[in-house]
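Chemist: Residue-level listing of the chains:
There are 2 protein chains.
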Amino acid sequence: MSGKPLPPDLPDLQLPEPGTQLGAVSVRVRREADLGQLIAKLQGAGAEIVAINTFPATRHEPDVVRVFDFETRGLGSAKAATILRKLPGVARAEARATLGQIFGKRVIVIGGGAQVAQVNLGAVTEADRHNLRGERISVDTIALVGEKEIANAVRAVADLPRAHILVLAGSLMGGEITKAVQELQEVGIPVVALNMAGSVPSVADLVVSDPVQAGTMAVIAIADTARFSIERQRGRRY
Amino acid sequence: MSGKPLPPDLPDLQLPEPGTQLGAVSVRVRREADLGQLIAKLQGAGAEIVAINTFPATRHEPDVVRVFDFETRGLGSAKAATILRKLPGVARAEARATLGQIFGKRVIVIGGGAQVAQVNLGAVTEADRHNLRGERISVDTIALVGEKEIANAVRAVADLPRAHILVLAGSLMGGEITKAVQELQEVGIPVVALNMAGSVPSVADLVVSDPVQAGTMAVIAIADTARFSIERQRGRRY
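Here the protein sequences come in this chain order: Z and R.
Numbering follows the working numbering, with no gaps: position 53 of the first sequence is 53.
Numbering follows the working numbering, with no gaps: position 38 of the second sequence is 38.
Rather than coming from a laboratory, the hints here were simulated on the basis of the structure.
Certain hints may be false.
Here are the simulated DSS-like pairs of lysine-lysine, each with C-alpha atoms no more than 30 Å apart in a straight line [unchecked claim]: (1) R:41 x Z:79; (2) Z:79 x Z:41; (3) Z:79 x R:148; (4) Z:179 x Z:148.
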């Protein structure tokens, strides 16, 4: 079992937090817009830039070539939109909800189709119960096969915005996947594993035999509306 | 039924595409690092910036305060890392896989826990079959209740990177949700609905009574490894 404690109260820059203003703005731009200038203006108004996504323009407006979605910390959506609207190349700037406000924390489930689907059943059903009480928890999955493919996906969870816990749902996982699990734990993301063959269960933060229960426990481990602490459960098997 | 055709071959800047180089780099920075300068350097080397995510530094390196993940188009990961490594405030720059290379296209499922879980069962199982043949399809969900909450989530799907199709999994959806569905269709994201009460089925691109079948059809509608065309199915009910 991993002996490393999680960083205490791991912050997430993209999630609502008391005392911190978050904002999101969607900006439709023409070719002459300068991404660096847009960022500098937001920063000048006190924003930390926490996310940017770029999309192709699909609404057929004349000359609009890209959509930039910015998420900010320390500056609200309406103000961010007002600031950007005046800049060269900006056709339109709309205040939005942040993705964290809508989709919240993410439980990530990776593994084989059969097990992923069952873990999901538990996780979605449990997330529903917490979302009804004001939480926002999403359950996001990918079904994959192969040691290298799964190890790469486990490593990439560290780069997924708002990923707070990983469930590994398979029958045999070890080798490179086990190394990837340890790397992920080092950045503060706990890992729940099904009871399976291979060395992954020996490094997982929690091992659960029943996939529906594994999904449920993953959700309550990250829900502010639950009292379950993965710290206290570390290394246990159910 | 929505008569609007999708924009033909809707591009996605964050997904692999023949002839286009994608890159990702994770940069661990000290306080003096300047996000604008990092971006300008990548752009100077020919990159379009397609995504940036900012994370708190959780690996306890001295003076490292933030992690910036950049995704680029027109510049590979290794080159991006080499360029950024030399800049002031950069403690470390690592080449990564892009999130699109790992997690691929996303099917988004929104609705009630019971139905979302069943749609997931179909979607994850079907995605597994395509991922085995070289596709990358993720199935991402949120269980929510309330017209306003669901409508806001539907609108936010337009801002989710790599979201290619939405499944609405509920028993009654209309009003503001129906408007949100139409807005989402306008940006080129098709919507599958369960056969349910309310006006959502009348505007959905496809209505499917069985939730497992709805999840399966959503996956084959976006898989390059399948021959199902939502264009040809538009307005049908199963």
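Chemist: Next, verify each hint and record whether it holds.
Modeler: A quick look at each hint next to the structure:
no.	hint	result
1	R:41 x Z:79	holds, 28 Å
2	Z:79 x Z:41	holds, 11 Å
3	Z:79 x R:148	holds, 23 Å
4	Z:179 x Z:148	holds, 11 Å
Checked against the numbered hints above, the structure breaks none of them.
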